[in-house]
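Line by line, the protein sequences are chains A, B and C. Here numbering that gives the first Met the number 0 is used: position 287 in the first sequence is 286, and no number is missing along the way. Here numbering that gives the first Met the number 0 is used: position 183 in the second sequence is 182, and no number is missing along the way. Here numbering that gives the first Met the number 0 is used: position 13 in the third sequence is 12, and no number is missing along the way.
Derived by calculation from the structure, the hints in this document are not laboratory data. From a predicted model like this one, the values you see are computed outputs, not experimental measurements. Heads up, some of the hints might be wrong.
Which residues of chain B face chain C? A few of them, derived with a C-beta cut under 7 Å, are [claimed, not checked]:
1) 93
2) 97
3) 136
4) 279
Glycine included, each C-beta is placed from N, C-alpha and C at the ideal position.
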Amino acid sequence: MDKNPFEYAPAPESRALVSIKGQYGLFINGAWVEPKTKDKFSTINPANEEVLSKISQASDSDVDRAVKAARAAYLKTWSKMPGKERGKYLFRIARIMQERAREFAVLETLDNGKPIRESRDVDVPLAAAHFFYHAGWADKLDHAGLGINPKPHGVVGQIIPWNFPLLMLAWKIAPALATGNTVVLKPAETTSLTALLFAEVCQQAELPAGVVNIITGDGATGAALVNHPGIDKIAFTGSTEVGKLIARSIAISGKSATLELGGKAANIVFEDAPIDEAVEGIVNGIFFNQGHVCCAGSRLIVQENIYDDLLVKLKRRMSLIRVGDPLDKNTDLGAINSAAQLAKIKELSASGDTEGAFRWSPDCQLPSKGFWFAPTIFTGVTQSHRIAREEIFGPVLSVLTFRTPQEAIEKANNTPYGLSAGIWSEKGSRILWASKALKAGVIWANTFNKFDPASPFGGYKESGWGREGGRHGLAPYLKGAK
Amino acid sequence: MSRIDIKKTYKLFIGGQFPRSESGRSYEIKGANGKFIANPALASRKDLRDSVTSAKSALSGWSSATAFNRGQILYRIAEIMEGRRDQFVTEIIALEGGSAKVANTQVEQAIDLWVWYAGWCDKISTIAGATNPIAGPYYNFTTPEELGVVGIIADQKDSLLGLVAAIAPVVATGNTAVVIASEKRPLPAITLSEALATSDLPAGVLNILTGKVSELAPWLASHMEIDGLDISGVDPKIESELRIAGAENLKRIHRFNKSQSPQRMLAFMEAKTVWHPIGV
Amino acid sequence: MVTLIDGSEASLRKYLAALPGVDKVGADQRAAMLSTRSIKTTSKSWAIDMAIRMVDLTTLEGADTAGKVRAICAKAVHPDPTDFSVPSVGAVCVYNDLVKIARESLNLNGGSHIPVAAVTTAFPSGRASLKVKIQDTQDALHDGATEIDMVIDRGAFLSGKFGLVFDEIIAIKEVCGNRAQLKVILETGELTTYDNVRKASFIAMLAGADFIKTSTGKVSPAATPPVVLVMLEAVRDYYLQTGMRIGVKAAGGIRTTKDAIKQLVLVNEVAGPEWLNPHLFRIGASALLNDLLMQRMKAASGFYSGSNYVTLD
Numbered sequence: 000m001d002k003n004p005f006e007y008a009p010a011p012e013s014r015a016l017v018s019i020k021g022q023y024g025l026f027i028n029g030a031w032v033e034p035k036t037k038d039k040f041s042t043i044n045p046a047n048e049e050v051l052s053k054i055s056q057a058s059d060s061d062v063d064r065a066v067k068a069a070r071a072a073y074l075k076t077w078s079k080m081p082g083k084e085r086g087k088y089l090f091r092i093a094r095i096m097q098e099r100a101r102e103f104a105v106l107e108t109l110d111n112g113k114p115i116r117e118s119r120d121v122d123v124p125l126a127a128a129h130f131f132y133h134a135g136w137a138d139k140l141d142h143a144g145l146g147i148n149p150k151p152h153g154v155v156g157q158i159i160p161w162n163f164p165l166l167m168l169a170w171k172i173a174p175a176l177a178t179g180n181t182v183v184l185k186p187a188e189t190t191s192l193t194a195l196l197f198a199e200v201c202q203q204a205e206l207p208a209g210v211v212n213i214i215t216g217d218g219a220t221g222a223a224l225v226n227h228p229g230i231d232k233i234a235f236t237g238s239t240e241v242g243k244l245i246a247r248s249i250a251i252s253g254k255s256a257t258l259e260l261g262g263k264a265a266n267i268v269f270e271d272a273p274i275d276e277a278v279e280g281i282v283n284g285i286f287f288n289q290g291h292v293c294c295a296g297s298r299l300i301v302q303e304n305i306y307d308d309l310l311v312k313l314k315r316r317m318s319l320i321r322v323g324d325p326l327d328k329n330t331d332l333g334a335i336n337s338a339a340q341l342a343k344i345k346e347l348s349a350s351g352d353t354e355g356a357f358r359w360s361p362d363c364q365l366p367s368k369g370f371w372f373a374p375t376i377f378t379g380v381t382q383s384h385r386i387a388r389e390e391i392f393g394p395v396l397s398v399l400t401f402r403t404p405q406e407a408i409e410k411a412n413n414t415p416y417g418l419s420a421g422i423w424s425e426k427g428s429r430i431l432w433a434s435k436a437l438k439a440g441v442i443w444a445n446t447f448n449k450f451d452p453a454s455p456f457g458g459y460k461e462s463g464w465g466r467e468g469g470r471h472g473l474a475p476y477l478k479g480a481k
Numbered sequence: 000m001s002r003i004d005i006k007k008t009y010k011l012f013i014g015g016q017f018p019r020s021e022s023g024r025s026y027e028i029k030g031a032n033g034k035f036i037a038n039p040a041l042a043s044r045k046d047l048r049d050s051v052t053s054a055k056s057a058l059s060g061w062s063s064a065t066a067f068n069r070g071q072i073l074y075r076i077a078e079i080m081e082g083r084r085d086q087f088v089t090e091i092i093a094l095e096g097g098s099a100k101v102a103n104t105q106v107e108q109a110i111d112l113w114v115w116y117a118g119w120c121d122k123i124s125t126i127a128g129a130t131n132p133i134a135g136p137y138y139n140f141t142t143p144e145e146l147g148v149v150g151i152i153a154d155q156k157d158s159l160l161g162l163v164a165a166i167a168p169v170v171a172t173g174n175t176a177v178v179i180a181s182e183k184r185p186l187p188a189i190t191l192s193e194a195l196a197t198s199d200l201p202a203g204v205l206n207i208l209t210g211k212v213s214e215l216a217p218w219l220a221s222h223m224e225i226d227g228l229d230i231s232g233v234d235p236k237i238e239s240e241l242r243i244a245g246a247e248n249l250k251r252i253h254r255f256n257k258s259q260s261p262q263r264m265l266a267f268m269e270a271k272t273v274w275h276p277i278g279v
Numbered sequence: 000m001v002t003l004i005d006g007s008e009a010s011l012r013k014y015l016a017a018l019p020g021v022d023k024v025g026a027d028q029r030a031a032m033l034s035t036r037s038i039k040t041t042s043k044s045w046a047i048d049m050a051i052r053m054v055d056l057t058t059l060e061g062a063d064t065a066g067k068v069r070a071i072c073a074k075a076v077h078p079d080p081t082d083f084s085v086p087s088v089g090a091v092c093v094y095n096d097l098v099k100i101a102r103e104s105l106n107l108n109g110g111s112h113i114p115v116a117a118v119t120t121a122f123p124s125g126r127a128s129l130k131v132k133i134q135d136t137q138d139a140l141h142d143g144a145t146e147i148d149m150v151i152d153r154g155a156f157l158s159g160k161f162g163l164v165f166d167e168i169i170a171i172k173e174v175c176g177n178r179a180q181l182k183v184i185l186e187t188g189e190l191t192t193y194d195n196v197r198k199a200s201f202i203a204m205l206a207g208a209d210f211i212k213t214s215t216g217k218v219s220p221a222a223t224p225p226v227v228l229v230m231l232e233a234v235r236d237y238y239l240q241t242g243m244r245i246g247v248k249a250a251g252g253i254r255t256t257k258d259a260i261k262q263l264v265l266v267n268e269v270a271g272p273e274w275l276n277p278h279l280f281r282i283g284a285s286a287l288l289n290d291l292l293m294q295r296m297k298a299a300s301g302f303y304s305g306s307n308y309v310t311l312d
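One chain only, chain A, in its complex shape:
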């Protein structure tokens, strides 16, 4: 068939309900302030390189102002407020996020490049759910099994990545506030806008000034936050490389930290897998959010006796992935978040070619402006290839094979990372055996890339310290729990 007569017409989500200011200040002590140095940088839409706004570069002295505001808020109001009342603020925030959900979704898609379907159906509802979930914890901490009358750390410095800007903000701020800490949060340099919109939500919720402070900037701002003596605890999500820098930094300062870092998850498909759902799970595992997911199933480890059939189905399914305008409601794969990330993906993919793996992508037309990378798989990958070991953080899947279940587990665990893993099998005892044997903090059996505020998330080994979500996610924000 030459041309599909049912080619979907463009179905763009309206931008009209989002108003982006020409420039943004810093949100410190409940108000917008200009950075001391007046430095601003552009934030762009990675799908077309359009400049969306100017963002403030917070300097050391701005960080200091924010930390002091958070300290004052902690001492004067937040630490004295009963949990029951703290919780009400979180409920308010959750509700306002639900009310303004579409606005957040469109803004997230514009700033990040992810498909509107994902920001609308995943990021924003989950972010609101995190506030709702943690709101209920605020007055029940005595019952959390984390010690009697557990105490917050005080002021928490939080640094979040660009892959799920609003969702990661929620993962950080909701438990911190529920447990009675105040917050200075720095969003990623390329994706500040939803965090800045969240500051407005805090204002609408009448959250006491200084409880949440949002400062924007690059790595230098993050380093200033980590090293500020007024910070009691650090919560970071990002690369393992930066995570180690933070671990070294706090080795001297003695701060506590939670780290959610990189991954190179194995997605293991056994011969008795529900094959069509496995194909969906593989696609969702690596192409969800353009593969910009720390727990992405970036290594497909498939039993040799079903390899050929699976590959046929996977390639067929990949050819259905709709790449393009992130605001189009039918887009499955959006833009790569930045030129730098695109360069990294290209560099690692090129290493796959030179190391002898076989690259395949479906035919797809990539837009001429913006940062794009076609969904890609590499077959013939071995454990020693860079693309089997290093986190690509893009829509690139490395396919390996195994002969016995033991070999599958060995290959899966043969990595310094340990964030997540997938298992596909219709046999219950095999699933439980494999989930015990896999060294990873989150195991998805017959599903992949599922998240919930009640479900603890976090990694083994070099994938980080601590858990976020569930009862387990409260512990790092409480002193009594140690």
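Guided by the hints, dock chains B and C onto chain A, whose structure is given.
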């Protein structure tokens, strides 16, 4: 003429064996009264490396033993220590000074601590695990698991109790360990390893080294096969150096001040969350 | 032609046992995701006309009369009497005693190109002897049916007598010969699991079905998106194994244009665009047609139509 005592040679405990240091070194231990007591082995970094290897190879067996079985073995350790009470008391008095009553109390507490942790083996997952009510058609549960190989620098003062307080919780949950005994008071640690060797504890689960903390601890902290570090017995002056070394593979590094707490188990466990769809 | 089994019950069982399982939650989610596809403007207009061409306009009631059948036949030929650009439907579907009237009525209205489909084999329960089922089918063919919608023996299927189900389909297929195409109704609402839907789909295809059909319309749930998804996967996989394209008919519960377009999206993204054709995909429906017509008017006029502007038959 009175009988001449048979003196004991204090050696290392690695992989269930009692070797001397591969370096051939030993060091002199003096008692509380300043008199010579023994020449235990002065472990080298190669002894430490060998210990890590045996701890790593013992890990899969020990961690997959049933919790009930681990509990039985921990209790067995208490039984065997009970039979050697006098030996521990004599060593503690010789090293730490003080009265027989005080030494006795330390030994009793140490034995009882094994019993306490023996009972925890098949309960900690119940207390620290969860089924999570997530919003979707999935069964979702979280269970704590062993971290892996833990490096332990035991308390320097309470030569027996401080040691047991560190090792019992670590092995109760299925970890294996490499332990550096109290530098100046290492003898009860070696006597304990003799108890361990006859207790059904698989070889390599606990490996105990005697020697200089300042020499061995940095190797322990930087070893990439070690997943966690108990630095309760470390001089605060070298703590940040160890933490920086441990950052290379993001070791879980903890210092404890309580000898009896579930936190000592949980600190060296990892929470694993498993999802599975519910559908017919 | 590739033969996947040798016709024995043993080879059938072996084939069915090797089919991969279906994870219900995963299948539900894939179907739910595809139902978020937003079909606008030109693609929507195309989809509406294609859906009309795929409709098996159906009346299957105890109260059916010659008058009722004549009315739907008229509508089948020209769904919108005010707009002859509206295509005819895919077929008219009736009980076998009304086939003759339907055939005559279609011919009279200029619809000789529209096939008459008859439900047979003791539809909807299928609880009759094979002899009766064969006779039922022969009657329909004799009266001019060129499509036979048979039901499988769900009791036999659920008690594991796959060979019986298979043999019965073969028997009816033999009766049809090359006079009629055979649609095999699985009645997925009674099979209950997607694993059963997949197995039954393959039994039907291996026995020679031209179409596999979800439901009789008498049992709920019927043509839910995930059930259709599983059946579309089955015809896709059968094509990959044999090179033969088997059709799918979704029947029951598809009442609105939105429902119908969701089905077309499933067809497009699961089986593939080759199946976007009345020869390979049908929608068994009655009320759906009017909603498609109203949406078509809206697309043409720009404003929403009302129920008084479509004919009620």
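Which constraints among the numbered hints does this structure fail? Numbers only, ascending.
1, 2
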